[in-house]
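Chains A and B, in that order, give the protein sequences. Quick note on numbering that gives the first Met the number 0: the first sequence kicks off at 0 and runs consecutively. Quick note on numbering that gives the first Met the number 0: the second sequence kicks off at 0 and runs consecutively.
Honestly, I wouldn't trust all of these hints.
[As the list claims (entries may be wrong)] Result set (SDA-like, lysine to any residue): computed pairs, CA atoms no more than 25 angstroms apart in a straight line: (1) B:Lys-169 - A:Arg-16; (2) A:Lys-44 - B:Lys-288; (3) B:Lys-169 - A:Asp-106; (4) B:Lys-356 - A:Gly-31; (5) B:Lys-514 - A:Gly-31.
I should point out that these hints are in silico values taken from the structure, not numbers from a laboratory.
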Amino acid sequence: MAMITFRINRYNPDDERRGHYVQEYQLDVEKGTTLLDALNEIKWKQDGTLTFRRSCRSGICGSCAMTINGVNNLACETQVLGLGNSTVTVEPMRGYPVIKDLVVSLDPLVRGILAVKPYMITHSPPPSDQERLQSPEEREKIDGLYECILCGSCTSSCPSFWADKEYIGPHAFLKAYRFIADSRDEGSREHLEALDDRHGLWRCHTIFNCVEACPKDLNPTKAISELKKELVRRKLG
Amino acid sequence: MTNFDPETIHDVEGVPIHSVHRHDVVIVGAGLAGMRAAYEASSEFDVAVLSKVFPTRSHSGAAQGGVAASLANEEEDHWEWHMFDTVKGSDYLGDQDIIETLVKEAPVVVREFEHMGCPFSRTPEGRIAQRKFGGHTKDFGKGGPVLRACYAVDRTGHAMLHTLYEVCVKNEVRFYPEFFALSLIVRDGVCRGLVAWDIINGGVHVFHAKTVMFGTGGYGRVFKITSNALANTGDGLSLVLRAGLPLEDMEFVQFHPTGLYQQGILVSEAARGEGGYLLNKDGERFMEKYAPSKMELAPRDLVSRSIQTEINEGRGCGEDGCGVYIDLRHLGEDKIMKQLPQIHELAWKFLGIDCIKEPIPIQPTAHYSMGGIPVDIDCQVLADGKEKPVRGFYAAGECACVSVHGGNRLGTNSLLEASLFGRRAGKSIVRFLRETRAFPELPSDAAEEALGEVERILSADGSEKVGIIREELQEKMMLECGIFRDAGKLEKLTGGLRELGKRFEKIGIDDRSVKFNYDLLEAIELGHMLDFTELIVAGALRREESRGAHSRTDHPDRDDDKWLRHTLAWKRDGRIEFDYKPVTITRFQPKERKY
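Start from the sequences and build out the full structure, keeping to the hints where you can.
Next comes the structure, spelled out in structure tokens:
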């Protein structure tokens, strides 16, 4: 058990004049308490106005991504005592418009996803009474790609996104590559089209922030470099 | 009926009222059932999907182990075997005509997911891979466990959910993410739309629709230990009750045997399907005593009761003695990391346990609602719970009771049910809309109930706290309406719920703004939870037998003479009224249920 001070960055859209400010809360925290548990405890027992997204609390829905001691992570997967400080700073993920307290707009995320035609494109009809075949080796190529939970941690940490709000973003590149790498997909050209754009792939400067930020240990930078290779190959070929 | 006119509805200070949205189909819930229906209907009609969370954050995504279909990709299997297992698993309360449809259509539904792009794991021949799961057997229960659960590693729900979002985007389904349904508009047996709250901006929106479909999911959050998301508060169920419609078989609540100790977070049944053992604190593989033939792969109700018995008799582990272990060590690092990586990650992140080296402490966790909104085989909601449909109103998935799970659901049958009946709902909506050109009339008071509720809660300044009442509700439900029940506990709980209901009238909230106000939403959700929870408890008290997940220590036997029937319950003027309907039995006569 330890007394922890939570320094939470707050913003009330009905009080524009006050703008963003920091409010401190204190809570006794025991081993096993996640940051989401702590935020819930504060909301339910101390201050009902504190606002954050949450749902599954088991790291699969992606709702509670926020900036914790300067690093993007899921609150539900963050052990408070594991942070090793008596003060924990919590902020909304940077780069996205803040709606209220720790809640940010998902619009940039969705815009990026929609740009890459985020669905399997096939031209030949599927076999009527069975699945399309895919060998375990072919299937393995989309491991590390399909697991994305769309939490937005990667794109929020990306300097290219900070500089260009129209930037498609690593989360969407990962999605695009998930289909291009899928042996069943026949629409590489269509997925790639949107990426060869001034808000697209070439804005990535391989800074690897997205890799560091991903709570699911995925590697958008690797997907981006594969996509770049694919685009160049197509241009030359 | 006078027509709805947004200009004339009563004004709530500070709450913007938005004009009416019109769609052919309005679906509430963006999980597997809701999005599967949306995908189906959107090829022909204008479909809107409202969801209290962003679609890919729906709780279907937390399902891990698999989706059942007798594809026979790995070994011999038949829909008749799947049917027998589902009927027996349901403790003979499932309707067999509907179960037959479920198991016969399952292969088509799963293959369609593959065609949409779902990244299933594969066999060496390149087909969809399948694994073992509890209660799924060969040869009408006479053989061992069968490879029937189609899977995508241990993230099957996630893979299916994201695939559906993708194809819905492709079909240009109109999403309203972070919209919260406040009330249904049902008049004269016709569903005319619904009223919803825009969470992000605040404000009441009226949705005028030719058809409404609910895929609103379950309500695990009324229990202290649950695998369910914070969003799973069963709102859809009480919206239906408040519209004067019944709910079916609400006393049947599934406790999943393996939730992470004290957290309740799901440890997939795939962990046992792949060969994991259950051990008590003395290291005994105790399932030998309870299910000598199927062991850890007995159905969930039986395994949960076995674990709870070990705990009650003092053989539990952990600081409060309320856990047992699931041991995966003998599977080896390769198999764990290849087939169960998410389990490894969850045990590590939430308990600090490396399951390659240590067993994982677990405990039973409230997981799934077998009961729900009574619907027919075409997913039409039934006004009398039996045969009279509410025109234009559909439901599918966990919120519905069709009934394929009866008293106890088999693992992997829920992803199947949600997607299969979501698809059926979509198809029956399409049939309805092809014949129905006009929108039903919208009554002038369509938004009054919803506005009244928002106004009442936004101005609530009593001394009671929502969080505290909810916590007490969750503790009481766990203790008095959990795995083992008896008349004494249930009667006490009936009084307890009444008290909580009175205290709920005296709540106060802190946040009075309209933008992203979860303080408001959590209060509304608690109102829903208190409403339908009464039906669970009353149903459990009346059903004086033990069947499936409903286990009465004062009535330990199944009583087919009296209770081989479905419970229907309404709430009228604050009182609960019951009716019953027979179970449909076709191929398999009820027998003693042994594993």
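Taking the hints in turn, this is what the structure says about them:
{"no.": "1", "hint": "B:Lys-169 - A:Arg-16", "result": "42 angstroms, violated"}
{"no.": "2", "hint": "A:Lys-44 - B:Lys-288", "result": "45 angstroms, violated"}
{"no.": "3", "hint": "B:Lys-169 - A:Asp-106", "result": "18 angstroms, holds"}
{"no.": "4", "hint": "B:Lys-356 - A:Gly-31", "result": "20 angstroms, holds"}
{"no.": "5", "hint": "B:Lys-514 - A:Gly-31", "result": "32 angstroms, violated"}
Figure legend: structure checked against the earlier numbered hints; hints not met, in rising order: 1, 2, 5.
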